[in-house]
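J.: Spelled out from the first residue to the last, the chains are:
There are 2 protein chains.
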Amino acid sequence: MRGSSVGVDVGGTFVKIGLAAKDGTLLRSVSMPTEPGRPPEEFVRRVAGAVKDWRFDSVGLGLAGGVDAATGTLLFAPNLRRWVGFSFKRAFERALKVRAVADNDANAAVWGGYAVGLKKRARHVVGVTLGTGVGGGLILDGRLHRGADGAAGEVGHQTLDPKGPLCGCGKRGCLEAYAGTAGLLRIARRRMRRVPSPLTPKALADAARAGVPGARAVWDEAGTWLGVGLSNLVLTFNPDAVLLLGGVARSGRLILDPVRRVFAAQPFREPFARLRLSAPADRDWGCVGAALLSRESR
Amino acid sequence: MRGSSVGVDVGGTFVKIGLAAKDGTLLRSVSMPTEPGRPPEEFVRRVAGAVKDWRFDSVGLGLAGGVDAATGTLLFAPNLRRWVGFSFKRAFERALKVRAVADNDANAAVWGGYAVGLKKRARHVVGVTLGTGVGGGLILDGRLHRGADGAAGEVGHQTLDPKGPLCGCGKRGCLEAYAGTAGLLRIARRRMRRVPSPLTPKALADAARAGVPGARAVWDEAGTWLGVGLSNLVLTFNPDAVLLLGGVARSGRLILDPVRRVFAAQPFREPFARLRLSAPADRDWGCVGAALLSRESR
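Protein chains in written order, with this note's numbering: chain A, 56 to 353; chain B, 56 to 353.
Accuracy of the hints is not assured; some may be wrong.
Same chains, same label: a pair holds when it works inside one copy or across any pair of copies.
As the list claims (entries may be wrong) - Each computed SDA-like pair below joins lysine to any residue, with the alpha-carbon atoms no more than 25 Å apart:
1) Lys175 to Ala125
2) Lys152 to Ser59
3) Lys152 to Val85
4) Lys218 to Arg324
5) Lys174 to Asp112
6) Lys77 to Arg308
7) Lys218 to Phe318
8) Lys77 to Ala320
9) Lys257 to Ala105
10) Lys218 to Glu276
11) Lys218 to Pro335
12) Lys152 to Val267
13) Lys77 to Ser252
14) Lys71 to Ser86
15) Lys71 to Gly219
16) Lys218 to Arg244
17) Lys218 to Met247
18) Lys174 to Ala105
19) Lys71 to Met247
20) Lys218 to Ala125
For the record, the hints were derived by calculation from the structure and aren't laboratory data. This structure is a prediction, so every number in the text was calculated from the model and none was measured.
Construct the complete structure from the given sequences, taking the supplied hints into account.
T.: Structure, rendered in structure tokens:
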């Protein structure tokens, strides 16, 4: 379709490929295993095969790693190691004969939330993706800030308490260890006499809404830590908006209310007074954002 | 002198006024009480009187508060409350008949350290001023990032431990409560059987170098917390360089070594691998930076 773009969200295990309209509507999508042990050229061929009957003007990739956005080269990626050094931009431009861009997957997701959820009506945005991992992206002056090495936005690994719970990264008390899925479930196991089964963020949200004892306190604790982490970012960047994306953000007010309470208690009022806190309805932001990024001028 | 600029560093108690050459050399300086209870017009007249025999092309002000850099208007300032809403830019342009700019004082100091200490050879810089307060500034793509409300850079009030020591701002466990002067002296009182008298950061640095028992551990503790706070900023922003300014940074390796140890222990290597940590020899960075800012094009 005219004005449509393909977005490819490349995780360590699965790839999600979507066709997005100009306004970010996802028109169709397909997913497949990533198979990061195989050569990147083969990955390109598989993706090209999947979209061969779609009509689009550009393609954007969000890769789970650091990316040199200018060349579309993967710089580092714990889960896509064999593909480091490969220029996804060039390979996709050759294979699909359209403009291609590549960026970090959290950057792509935050761009999607910014362009669609906020309709770009903000200059400076801190975006945080709350899922298995807690990642993020910074939009400064309306553009993604990628940092010196394409590594900016690791907001989930800021330390909030050096004696806190162990994080997957090996440090203690990272924001992710409280507000990522594993952190949330750990809080539930400690706080609730009987946890929902299976124990998932969705089940915990349902339990809190149904008044199950202890469930709301789980969200309050996770949300309070999230509020502390976000406050640190707000004090540093003074954004117009904070954007929360990802599965854990789907709990809505359960997690937003404690965040707002932490914001309201900050002694430095100025960066919080006009701040917008937004958790747009969940979508495949990684796909949508990657697709929309490919329509941006550099 | 041709090519020289006046820099005015306006704190809540004292004003320092300096004449800086193009390269940032401070040619002369004078200080006077701020008297923030009196009208701002009177302050402008006093500063104009102090520099009336100096030759310069521009004047820059660093104000202890939030500033709208476009208009040079003070937006908020706990210690300069009566001057909020006043356009220092316009008033100084009228009084001195040269170009004037106004910005936040920590921004000005970080700009000075960036322009002189790093000779602008970095794209993205996190600057932290370590003194009575811990403040900072962000340089993004070679330009100061001021945020949505001129309030960006409050890096000293990021929470590192919500159960930590009380900070002057009212919160607990802020970076400032460990790495600001009061925090450092508090650590000394706890860690040393006999503290130097009078107890100052300089006396503590001398004591550590002289091998006084416990003194080095004070710097190790403060430097470790500083390392945690800086790591949070590096993970988020992925700068080329971290710049440490202010009295506490004068201790050199005593505080830099523990910071480097924290950096070296970070599991996410990429943003730390090429990172430059710089503590340029101390100067009146507030004055110098304000003067140099007035030479920048917008």
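J.: Hints first: check each against the structure and report whether it holds.
T.: The hints, checked one at a time:
1. Lys175 to Ala125: The answer is both: 22 Å in one copy and 22 Å across copies each meet 25 Å.
2. Lys152 to Ser59: So Lys152 and Ser59 pass the 25 Å test inside one copy only (15 Å; across, 55 Å).
3. Lys152 to Val85: Answer is within: at 21 Å inside a copy they meet the 25 Å cutoff, but 65 Å across does not.
4. Lys218 to Arg324: between (28 Å within a copy, 21 Å between copies)
5. Lys174 to Asp112: Result: close within a single copy only, 21 Å intra versus 43 Å inter.
6. Lys77 to Arg308: neither (30 Å within a copy, 54 Å between copies)
7. Lys218 to Phe318: So Lys218 and Phe318 pass the 25 Å test inside a copy (23 Å) and across (17 Å) alike.
8. Lys77 to Ala320: neither (40 Å within a copy, 44 Å between copies)
9. Lys257 to Ala105: neither (31 Å within a copy, 66 Å between copies)
10. Lys218 to Glu276: Both: 16 Å inside a copy, 14 Å across copies.
11. Lys218 to Pro335: Classified as neither: same-chain Cα gap 33 Å, cross-chain 32 Å, threshold 25 Å.
12. Lys152 to Val267: neither (55 Å within a copy, 70 Å between copies)
13. Lys77 to Ser252: Classified as neither; 40 Å inside a copy, 68 Å across copies.
14. Lys71 to Ser86: within (4 Å within a copy, 63 Å between copies)
15. Lys71 to Gly219: So Lys71 and Gly219 fail the 25 Å test inside a copy (34 Å) and across (43 Å) alike.
16. Lys218 to Arg244: both (19 Å within a copy, 23 Å between copies)
17. Lys218 to Met247: both (23 Å within a copy, 23 Å between copies)
18. Lys174 to Ala105: neither (30 Å within a copy, 50 Å between copies)
19. Lys71 to Met247: Classified as neither; 35 Å inside a copy, 58 Å across copies.
20. Lys218 to Ala125: neither (39 Å within a copy, 43 Å between copies)
Comparing the model with each earlier hint shows violations of hints 6, 8, 9, 11, 12, 13, 15, 18, 19, 20; every other hint is respected.
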